Amino acid sequence: MSAGVDFPAVQVRRLVRSFTVRGVLGGLDLDIAPGEFVALLGRSGSGKSTLLRALAEIDHEAEGSGEIRLPERSAMIFQDARLLPWMRVLDNVLLGVRGQRDRGREALAEVGLAGRERAWPHELSGGEQQRVALARALVREPKLLLADEPFGALDALTRIQMHALLRRLVMVHAPAVLLVTHDVDEAILLADRVLVLEGGRLAADLPVDLPGDEIGRRRRTTELRALLHRLLGVEDSSPDDHEADGPGLALGGQNG
Amino acid sequence: MNAYPEGLHGPIVHAATSAQPLRPARHFALKQRLSPGKPARFGVLLGPGLLLLYWSVLSATGWLDPRILPPPWTAITTAIELIREGRLQDNLAVSAWRAMTGLAFGVAIGVTLALISGLSLLGGYVIDGLVQIKRGVPILALIPFMILWLGIGETMKVTLIATAVFFPVYINTHNALRAIDIRHVELAETVRLSRWQFLRYVVIPGTLPGFLTGLRFSVTSSWLALVVVEQLNATSGIGYMVTLARNYAQTDVMLVGLVVYALLGFGSDAAVRQLERHLLSWRRTLGR
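Chains as they are written, first to last, in numbering that gives the first Met the number 0: chain C, 0 to 255; chain S, 0 to 287.
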């Protein structure tokens with residue numbers, strides 16, 4: 000617990016985690032400043048989910064050591080919206096929060112779902128459900144927001160809307176964010192800093208330093224994208240091939 | 000979605016409608032449909048209604064000897080007579096009280112044991128094995144011991160019914176408890192629910208569908224156990240009425256008893272199903 004201490008929001012030292020099946024972390028160090036937006040990239044099995052689950056303190060099955068200091072209030076968004084199907088939308092937002100029904104309504108309005116308080120989760124679209132999950136995280140006023148590929152299951156159009164929404168909300172509430180993603184463009188678009196995880200260690204730590212002018216901005220984005228693709232082991236044949244995840248990507252190759 | 004100007008859609012829609020007439024889309028919808036469709040209000044009455052019709056026709060045409068099974072209208076006239084004498088409602092009240100009390104105790108025990116055995120490891124080791132052993136012993140085999148321990152009064156009857164009733168509730172609740180989605184447990188941890196909140200917001204609602212399935216079985220077995228108990232050594236109740244009628248070869252009274260049991264079973268099952276529809280309204284399933 001680091002209540003009262005302002006800097007950094009997250010501090011990780013010599014974090015080691017191992018599973019029998021899933022990825023491992025081998026002595027990882029990480030600092031995230033308050034209000035900093037960090038994106039975490041890595042191939043499947045690189046340990047990015049392991050790190051996130053360690054920070055969310057839900058990795059009971061893992062063996063390991065090391066230190067983690069977290070802010071008092073943190074919130075997690077999963078790839079699936081993970082709403083409780085037997086609770087109406089507002090009750091889902093307020094799960095584990097006492098009283099404060101007005102705060103819940105406000106949070107729903109913030110994510111554009113005012114008036115849907117009484118709806119059942121199954122009555123919402125995938126994007127709307129994920130927005131409820133976002134509201135559920137916001138209502139806790141987290142100092143750290145953890146997100147595990149939160150837009151991975153959404154269609155491309157909805158994802159664009161969600162990017163804009165998340166940017167706006169992060170601007171307003173200013174939590175530190177750790178976003179796990181496999182989408183290089185998403186990472187560049189949203190984050191202040193991009194980390195690449197490789198075999199349980201940080202292989203790269205790049206600030207997203209985009210210049211103010213449009214042309215410079217585009218050139219730097221292209222450079223960063225190419226660099227990140229190379230770090231992730233993806234041949235950067237076209238700028239649209241950013242969906243690739245995992246080392247087994249063989250474009251036009253033999254697939255067994 | 001409002002971000003996209005409406006004008007974009009205009010011409011495309013017109014192009015489609017001006018083409019030659021298409022086959023109605025409904026044609027495909029019907030072909031694709033795998034769900035049974037919207038249920039009719041009193042659809043469950045169709046089966047019993049058909050049976051009643053069959054029985055009436057057999058009796059009216061004389062194919063069914065009234066000494067073997069009296070016609071349905073005899074059941075009604077005899078029932079009216081019994082009600083006028085006050086026998087039917089008195090016995091029914093006694094029977095219903097026994098079944099309901101036994102059911103209440105049995106369900107409470109079943110749920111409690113399922114929660115203990117599902118939520119704690121030690122509880123699971125101790126309780127689950129015992130319950131499985133109990134399952135192997137038929138309720139009829141317990142009767143002599145029950146009489147020895149509890150006498151032949153109401154306590155014995157209610158205990159026996161509770162013993163018969165708790166198992167379906169236990170097994171279904173326990174199964175549902177163990178099937179609770181681990182992702183929901185993780186969520187509960189990330190939003191820092193207390194143990195009590197976890198029970199209230201995740202475990203109990205998540206277990207409710209299984210519990211209600213168990214309850215339906217339990218309600219039915221409460222009436223079954225009631226029949227056994229009342230025909231053994233009772234001085235009141237529907238079972239007693241039927242046993243008495245058997246001694247005097249009153250097939251019509253026996254029939255009334257049978258019909259009452261059937262109605263009770265059918266009615267209480269319908270009541271639980273109604274409860275299910277109400278409590279599980281959040282679900283989207285095939286058989287809504």
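Quick caveat, the hints were computed from the structure, so don't treat them as lab data. Possibly wrong hints are sitting among the right ones.
[Stated by the list, open to error] Chain C stretches covered by chain S per the calculated footprint, using a threshold of three residues with CB under 8 Å from any CB of chain S:
(1) 76-82
(2) 205-212
[Unchecked claim] Pulled a few chain C residues facing chain S out of the computed Cβ check, cut under 7 Å:
(3) 85
(4) 94
(5) 119
On a predicted model such as this, the values are computed, not experimentally measured, just so you know. Beta carbons are placed, not taken as given, at the ideal position from N, Cα and C, and that holds for glycine.
Starting from the hint list further up, note which numbers the structure goes against and sort them upward.
2
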